[in-house]
Structures are given as C-alpha cells and as structure tokens.
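Quick mapping for you: the protein sequence lines, in order, are chains A, B, C and D.
Here the first sequence stands for residues 1 to 230, numbered as in my numbering.
Here the second sequence stands for residues 1 to 61, numbered as in my numbering.
Here the third sequence stands for residues 1 to 234, numbered as in my numbering.
Here the fourth sequence stands for residues 1 to 226, numbered as in my numbering.
Hints were generated in silico from the structure; no laboratory data involved.
Treat the hints with caution; some may be incorrect.
Residues from chain C that face chain B, not an exhaustive set, calculated with beta carbons under 7 Å [as the list claims (entries may be wrong)]:
no.: 1; residue: D41
no.: 2; residue: F51
no.: 3; residue: I71
no.: 4; residue: L74
no.: 5; residue: A107
no.: 6; residue: A109
no.: 7; residue: L213
no.: 8; residue: S220
no.: 9; residue: L224
With beta-carbon atoms standing in for the labels, derived distance ranges [what the hints assert, rightly or not]:
no.: 10; chain 1: C; residue 1: V23; chain 2: B; residue 2: F17; range: 17 to 23 Å
no.: 11; chain 1: B; residue 1: V23; chain 2: D; residue 2: R11; range: 55 to 61 Å
no.: 12; chain 1: C; residue 1: E232; chain 2: A; residue 2: G6; range: 43 to 49 Å
no.: 13; chain 1: D; residue 1: R2; chain 2: A; residue 2: R207; range: 36 to 42 Å
no.: 14; chain 1: C; residue 1: W115; chain 2: B; residue 2: F17; range: 48 to 54 Å
no.: 15; chain 1: A; residue 1: G6; chain 2: D; residue 2: D221; range: 23 to 29 Å
no.: 16; chain 1: D; residue 1: L214; chain 2: C; residue 2: G10; range: 32 to 38 Å
no.: 17; chain 1: D; residue 1: F40; chain 2: C; residue 2: D41; range: 33 to 39 Å
no.: 18; chain 1: B; residue 1: D45; chain 2: C; residue 2: M229; range: 28 to 34 Å
Glycine included, every Cβ here is placed at the ideal spot set by N, Cα and C.
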Amino acid sequence: MVTARGLVHAYGERRAVDGVDLALAPGERVALAGANGAGKSTLLRLVATLLRAQSGTLEVLGEEIADGARAARAGIGYLAHDPLVYLDLTARQNLELYGDLYGIDDRDARIDDLLDHVGLLGRSEDTVRTFSRGMAQRLALARMLLHRPRLLLLDEPHASLDARGAALLDGELEAARADGRAAIIVTHEVERVARVADRLVVMRAGRVVCDESTDGRDPMAVRRRYEEVA
Amino acid sequence: MSGGAQYVVAAYAVIWFLVLAYVVMLGARTARVGRQVEAMMRMLDRRDAERSDSETAEDRT
Amino acid sequence: MTDGPARVPGQRAAAIWGVLATVLVVVSSIGVFLVAPEDADQGIIQRIFYFHVAIAIASLVAFAVACVAGILQLRTRDERWDDVGEASIRIGLLFSVLVVITGSIWAKASWGTWWVWTDPRLVTYLIVVLIYAAYFVLRSSVEDDRRMRYSAIYAIAGFASVPLSFYSVRVAESFVHPVVFTSSGANMPGSMLWWFVVSQAAMICLFVALLELDLLGRRSERALRRLAMRLESA
Amino acid sequence: MRRRQLMALVRKDLRLELRTRETIVAMVLFAIVMLVILQFGFGTRDDDLTRFVGGLMWVTLAFTAVLGVGRSYVAEREQHVLDGLLASPVPRTVMLGAKAIAIFLYMTAVEVVVIPLVGVFFVKGSYWDAIGWIAIAALLANACIALSGTLFSGLALFTRARDLILPVLFLPALVPVVVAGAGATHAVVGGSPDMSEWRGYCLFLLAYAILFALVSIATYDAVFDD
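All chains, please: the whole structure from these sequences, using the hints.
Encoded structure:
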C-alpha cells in the first residue's frame, strides 16, 4: 500500500527525513514512534502527499506520487492534530464539503451514518465553534472516514481524542486489519498504540532505526523496546 | 558644452557608474569566497598537522 | 567521488562574455559620442537615446530570461534555475532603474522638468521597477523550496504584468495626448540606426556577462558550502 | 467532478461569509471611508469632482481589493483547514479557481454599493445614464482582480509579514486595471460619452483577464505544491 525508497525531505539544510525506506502491506498497522523532531510527522505528511520529497521514490496505493498524487489522495484518510474543519460551518456542512471534494455518490446517507457513528447526529446543525475539543476531533474522525479510505494516516490521534473517540478509533483500526486497510499511527504513547498495531517503526534524526513486528507482544515490552532504540 | 551636453554626459556617467558598482559588488562576493577558501585550507593544514602529531605519538608507544 | 570541484564550471564563458561586453560598451560609447551624426531636431540630447533604449530592451530580455527560468524551475525543481531567475531579475532591475534615471535626465534636458507623467516609457519603467522590486521583498520573506517556487511563480506573473503596464499606459496616452516623442528605428538615418544596433548588442552582452559572473559566484559559494559541510562531518 | 468540487468550495466560502459577515461588510465600510478621505485629501471646496471621479473610484476599489484579497485565506489559515483541502483529491487549479470566484463575487458586492455612492458624492450631472457602462467595465476589472489577486494572495499566504507583502506584490499588478478602469469611467461620465474610448479600455481589461487566466492556469498548480 505504501512503498518508500530513500525518501528525503529537508527544510533548508536540515534533513527532517533522511533516506527512509518503508513498506506497508494491506491490513498492516504501523506504530511510528520517535522523539520530538525525529521526522515522524514529516514522514507522515510525505505519505499524505502534503509534502514533496526532494529525492527518493514514494508509491502510495499503487500510484507513483511524483505524477499520481491526486489519484492516491482519494484513498488516503488523514487525521491531523487539527480537526481540519471550518469552525464557522456546521458539522454537516463540513462533511458535505468534504463529501463533494472526494466525489462521494451517497453523500447524505453516508454523512448521517458517520455522524451517528461518532455520536454527533444530535449536534449536526451546530457550528463546530460550539464543539468541545473532543467533539471536534470526533467530527475529524468522521471526516477522515467519509470517503472510505484504504490507507489511514493518523498524527498523534490519542492526544486529542476523548475517551469515546479513542474507543471508536481503536474499533476502526481493529476492523482495518480484517478489511485489508493499512494504517500509520504516529505516536508518543507506544504502549497505548501497541495494542492495535502490528509493527513498530522507530525514527531517530530522520532515519528508521527500528522496524519490527509487535504481533502478540505485551504493550509494555514494546514500550521497553522503543526506549531501548530511541 | 552647449545644447544640453552636460545632460548627455550625466546620463552616460550614471549608467557606467551603476554598472561598475554592480560589478564591484559581484567582485566583493568572489573575494569573500576566496577568503573563505583560504580559511578552510588553513583549517585543513592544521588538522593534518595535528593528525601527523598524534600518529607519531602512537608510533612511540 | 574525488574532492569537491576544484574549478567551478563557467569561468571561461564568463570571461569571454565579460571581454566581449567591455569591448562593445567601449566601442558603442565612442561611436555614440564621436561618430554618430547629430540629430536634426533634438541636437546632442538625442545621444541619450542610444543607451537609454538599448538598456530598456536589455532589461526586458532579462525579465524574459527570468520568466523562462521560472517555468523551467517549476518543471524541474532545480535550484540552478532559481539562481538564473534571481540573477536575471536583479540585473533587469538595475537596468530598469537606469532607464528611469536616464529617461528622467532626458526629460529634464528636452522639457526642462525631471518628470513627465505623459511620457509612456518613463512611467511604465517606474511601474516595472516597482513590480520587480517586490520580487526581492517576496524572496526575503520565505525560505528554501517555497522561496524558489514562489520566486518562479512571481517571475512568470511579473513578466505578464510588464506588457500590460506598457499597454495600459499607452492606451491612456493615446486618448489623452498625442504621443509626444517617438524614436522608432524606421525613421532614423542609417548611421544612427547602425550605432543603435551596436549599443543594443553591447547592452545584451553586458546582461549576459553580468549574469554569467553572478552565476559563477553562486556556483562557487555553493561548492564552498558543500565543501565546508563535508569538512565538518569528516 | 471538478464542477462539483468547484461549486462545493465556492458554496463553502459564501456560507462562511454569510455566517460571519467579516469580509464584505469590512470591505464596504473601508471603501466608503476611503472615498471620504480622498475627498478631504483633495482639499477642495469645489463640489464637482467629475474630473476626478474615475481616479477616486478606482483607487478606492484597488485598495478595497487588496483588503478583500488579503482576507481570502483567513479561515483556512487561522483554523488550520488548508491541509484538509490539500490532502483531498482536488486539483489545485480548482481550489484557486473557487477562490477567484469568491473574490469576484465580493468585489461585485462592494461595487453595488460603491459605484452609486461615487455618483452621489462626486458627480453633478449625467452619471446615472452611464452607470451601466461603468458596471460592465467594473465586472471585467473584477475578473482581472480575482485572477491576479488569487495568485498573489496564495503567494503571500506563508510569507512573513504577509499583510505587507500582499499590497507590495498586488498593487503594481493592479496599476493597469486602475488605469483602464478610470479611463473607461472618464470616457462615459460627464456629458458626452466617448464609446470608442470606453470600448478600448474594456478590451484592454479583457486582455488583462485573459493573460492572467493563462498565467493562472500555468502557475496555480505550483502555489500549494510543497
């Protein structure tokens, strides 16, 4: 689903991502960890096609990003630190906007389903400005799932989701494995994500320093392993 | 000088002066690069000297 | 790979163009002052025309080069095109300032006032100076990849604004005033035209020589920076 | 698909504007204040400024355009929504095209107030017969403003001191629009309309719009391409 080779992105002289190789198979869920400034968010933004790599090749969902970014975007769901919704539009208007941008055929039915799923159906006609942080992030979750993405890219999802949202997300990641959807979860809380991830990738100074399976391992053991390498 | 010759001279003087000033500016940058190259060479020389010192020291032990 | 490039490429080209430009500028200066015939109507003042117009056209060439470099930069994302673009616009801006100054002197000589809003060339070049001065304001407020991309886009948009400014001022002129002064090549005596052509060639060569020199300096700086980084890491 | 995306983005901008009423109201008020200040700036007690009406109107509209264009990505920037749009499969050209349509509509809304007001404030005599001709020139000018303004506001968006950068980039490019707009206005105001002159200026505005449309098609893709 994702194949990166020798990926480099520099801000000026500083290489935030410095030659990263990464391969993701369908149904795989990767916990991407590392200290602040290790380059994990930059890597996620590269895969989300929000940044352009200066060298290396990147293939997402079968599309070479250099020339097929837009085709790949249709299959990517990106959950950022910010909810990426307009505060002065209602929850439904925001989802309608994204539904049109992604060209969803059953837009209105899909929006009702998702609003119900994230528990915001009752507030769907209120502007996002009146929402709590957790509610806004649940709306962001609905926004991310709206177009049925095959690749989920999550940037510190547990930092801003409330308990209910986190449970929804964990359920989604659980289902992803069965559906053959892949996910990359950037995180600080390795033991939290280890429960739903199959692989741990650790970055340090722009490079991948550890890439191993966590299948069947105890979350605390994964945590210790992370602290070892990072 | 008659019939506004001073204006013609002034116009050409301005052109020559500003173009020359531009060339001098570019030259100043080249000179700076040259100085940096020299500084770097000195640094390299010093480093080489230190390295040969430590090597001879290792030989003795 | 061996050590960083000992010789920066382009030295010979810069030297050749530099010599050519110097020779042509000297020859055309001599020609303009001593050889070319005196204009019947304007007298000696007309001699400003040779460099004034030649440098104006050379500045347009510079902006065109920057526009093409911008297109290529956007296509290849190669920082060398950014160098070409910035160096060209810097020289073009220098030339446009010279056009405004010499034009202003010309206005003083023939109409007794430093500034004439009805002279289209003077007014349009003032606008051109403003357009391309903004290029450097834009560059100084962004960094890295964005700087190159934005500069390239602005070089393209700016080059589109140039003919628009030219034409808008001339449209306005043609309705309000009859054009006060035209010096088109068509009604120039032969030897005047010949010296104008030499001046034009001199100014174009001057542009290319300054551009080569500037690019040479940039390449050296870049090679030096790479060398310094390798030394630090070694 | 592109059409649906374009409509959705324009609808979004209009919905935001209707809910917050931040941009258009501020633009209209700014334009009125500008006109009043310009009147005082002329320092004249002469009641008939017909000779200057084109300049007064188009200088005001140019500065109002800078103000409005400067606001055009405020919601995306302050609420950090831009990544959401950029991560979606919207061609950048459609994104910026939608923004250009929004700017065009805002400018039209401002002109609906400003053009009659200019007539009331400054013109004695036959102005109202000419208002249709002025409106046509204004619509053409709006297309010019929208196309170039979208490009420059996109460039200014991530610069330092962006509120200062935008007018520095945008105003020189607006000079031809002001020249032609003022020219077209003068051609039809004040007694004896000169339709060939008006037509010349309108054709020029059309040429400006076409040229900047080409530049836009060539460059819009690169503006947000990090």
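Status of the hints after comparison with the structure:
Interface restraint check for D41 of chain C: the shortest CB-CB distance to chain B comes to about 12 Å, outside 7 Å, so the restraint is violated. The criterion of a C-beta within 7 Å of any C-beta in chain B is met by F51 of chain C, whose closest approach is roughly 6 Å, and the hint holds. With 7 Å as the threshold, the beta carbon of I71 of chain C stays out of range of chain B, its nearest partner Cβ sitting at about 26 Å, so the hint is violated. Proximity of L74 of chain C to chain B is violated relative to the hint, the smallest CB-CB distance being about 27 Å (cut-off 7 Å).
A cut of 7 Å between beta carbons decides the hint on A107 of chain C: the least distance to chain B is about 10 Å, and the hint is violated. A hinted interface residue such as A109 of chain C counts as satisfied when its beta carbon comes closer than 7 Å to some beta carbon of chain B; here the least separation is about 4 Å, so the hint holds. A cut of 7 Å between beta carbons decides the hint on L213 of chain C: the least distance to chain B is about 5 Å, and the hint holds. For S220 of chain C, the shortest C-beta to C-beta distance to chain B is roughly 5 Å, which falls under 7 Å, so the interface hint holds.
Checking L224 of chain C against chain B by beta carbon gives a least distance of about 6 Å; that is within 7 Å, so the hint holds. With their beta carbons about 20 Å apart, V23 of chain C and F17 of chain B fall inside the hinted range of 17 to 23 Å. At roughly 57 Å, the beta carbons of V23 of chain B and R11 of chain D sit within the given window of 55 to 61 Å. Separation of E232 of chain C from G6 of chain A is about 23 Å and departs from the stated range, judged on CB atoms against 43 to 49 Å.
In this structure, R2 of chain D and R207 of chain A meet the distance hint of 36 to 42 Å, their C-beta atoms being roughly 40 Å apart. About 21 Å separates the C-beta atoms of W115 of chain C and F17 of chain B, a value inconsistent with the hinted range of 48 to 54 Å. With their beta carbons about 26 Å apart, G6 of chain A and D221 of chain D fall inside the hinted range of 23 to 29 Å. About 33 Å separates the C-beta atoms of L214 of chain D and G10 of chain C, a value consistent with the hinted range of 32 to 38 Å.
Hint check: F40 of chain D to D41 of chain C, Cβ distance near 45 Å, so the stated range 33 to 39 Å is violated. At about 19 Å, the CB distance of D45 of chain B to M229 of chain C disagrees with the hint of 28 to 34 Å.
Of the hints listed earlier, those the structure fails to meet are numbers 1, 3, 4, 5, 12, 14, 17 and 18, in rising order.
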